[in-house]
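Trainee: Knowing the structure of chain A, use the given hints to seat chain B on it.
So the sequence lines, in the order shown, correspond to chains A and B. Going by the numbering used here, 138 is the number at position 68 of the first sequence; the sequence numbering is gapless. Going by the numbering used here, 323 is the number at position 253 of the second sequence; the sequence numbering is gapless.
Calculated directly from the structure, the hints in this document are not laboratory data.
Repeated chains share a single entry, so a pair holds when one copy, or any two copies, can fit it.
Cross-link-like lysine to aspartate or glutamate pairs, in silico, DMTMM-like; alpha carbons within 20 Å at most:
no.	residue 1	residue 2
1	Lys381	Glu339
2	Lys381	Glu332
3	Lys165	Glu188
4	Lys321	Glu242
5	Lys179	Glu339
6	Lys367	Asp320
7	Lys357	Glu242
8	Lys179	Asp378
9	Lys317	Asp219
Keep in mind that this is a model prediction, so the values were computed, not measured.
There are 2 protein chains.
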Amino acid sequence: MKLPELADIQAAHSRIRPFIHWTPVMSSKQLNAIFGCELFFKCENFQKVGAFKFRGATNAVLSLTEEEKRRGVVTHSSGNHAAALALAARMNGVKANIVMPDNAPVVKKNAVAGYGAEITFCKPTLQAREEATRIIIAKMGATLVHPYDNYNVICGQGTAALELLSEKSDLEIVIAPVGGGGLMSGTSTCVKGIDNRIQVIGAEPVNADDAYKSFISGTIVPSVNPVTVADGLLTSLSELTFAIIRKNVDKIITAKEESIIECMLLVWERMKIVIEPSSATVLAIVKENPDLFRGKKIGLIISGGNVDFRKLPF
Amino acid sequence: MKLPELADIQAAHSRIRPFIHWTPVMSSKQLNAIFGCELFFKCENFQKVGAFKFRGATNAVLSLTEEEKRRGVVTHSSGNHAAALALAARMNGVKANIVMPDNAPVVKKNAVAGYGAEITFCKPTLQAREEATRIIIAKMGATLVHPYDNYNVICGQGTAALELLSEKSDLEIVIAPVGGGGLMSGTSTCVKGIDNRIQVIGAEPVNADDAYKSFISGTIVPSVNPVTVADGLLTSLSELTFAIIRKNVDKIITAKEESIIECMLLVWERMKIVIEPSSATVLAIVKENPDLFRGKKIGLIISGGNVDFRKLPF
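Next up, chain A with everything else stripped away, as it sits in the complex (with noise of 0.2 Å):
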């Protein structure tokens, strides 16, 4: 199995440099006071769509040949990755073929349809998703981009480090949440690969730590129905992923749905930003173990803002 390198995420920038935003890198000395430690935030919240998830799309699109850029691409999820790979896809003119479960919540079904990419409804079930999949590569001749078992979507989500490290250069930790490993596995490749001494460590609910155990026993241990404010982060890590991430990550460490709600709450409150709970797991495992992050200069990889209003946590 290929693993990605410090190259592969260079190149991935370069390409996809003119679709996405460089996203700021924020601090709040109030923050810092609060947790004794000084917190630098890559702000994909800012990110087109929402999510880091444009930077791996938009790689996987452009990565595809002129026959493939004509055939289109499609996917399962009914999440941040669906909407971002539609635009990514819209701007490149290449068609997109969403797979969503018919009980996805309208607003996102409204969010694909309105980025111009084709929706196929299927039964909420993981089987009837793969065969809906199976039926549009089968007709179009289409590539599957899956969310983050795809070596140019890990490439892609290793430029939000990538660009962090060409900002702070100093920093002595990288923390990133872990869902399905593909955010997780793009930065720990980069920070390694820039610098080796860099401790990069995962943030994961306790609700949802497959990650967690998998890296302790050394073999995959996917979650079961996990239930977890951080909805971002259901998802399991895949063969490819977990390599990657057993390679390059230093340590994971879980955090309580109290703390991750509190940690949103404090970063609305006092950056005036809104993330979304996912995000706020990285803060989370700071405010749990203060004595291993004090004094540290910390970059934070916040992964999105896309929330629901009118469910808040708090």
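Mentor: Using the frame of chain A, we list chain B on its own:
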């Protein structure tokens, strides 16, 4: 009555520059598409204490004589101005005394106390608060720094527009919210001083439309117990702010409560930044009057981002 001029605002900016944040100007393609114009948000929600008020308070503190600095400052407020004056005073080694109604929310008391100000509690009436303020002035010789009826405060508030126009010189319209008129006075003085052709418009909730009525009738018409979600815009104009606004402002437009709430949510959702309802008023008048703003380049002063997240209006 001496009205401030552009040079006063420029001088204020040089004075306060080392203490304030030069806040970013943000834009959103999505919002531009929705409203059919080009919107540039001057984000004072990212200012210290979360509001433009820190500019005016800092300018007032820095404009004191050494003797006045030794005697300290006083104000009566339970809102952003209180926190702003407390921090501005502390950063300059000046004692601040804040008169607050004893029924002020605990979170506001804590904020002001957190910045090291002394708090004098009084009964929640105008009489009691003025009496308490008088006593402090008599006893300490402290200088009253009124939230808006103050020349130096007004000049400080105008520096947000100065930064905005230094970054975006081709604006055709600048909109600011109107409460007591401090921000509107500083903004309009600055904008008209730089380029008389730029239209300056005040935005006010229809439920607290004293400035609108005063502007139309040519005489101050105070609001009586106004009720609006835009809780930073409850106060009425003073003689000074009314004189400046009559001279420099082209138009005052009111917005309905539901537009204010809708626009606040829209900015949170699409721009991923937290703005307070008072700030959303500027966008709400754009929404309600599409013919007036279509195709224009518009600067919007976003006054602040201090929101009670447990009492959201949506």
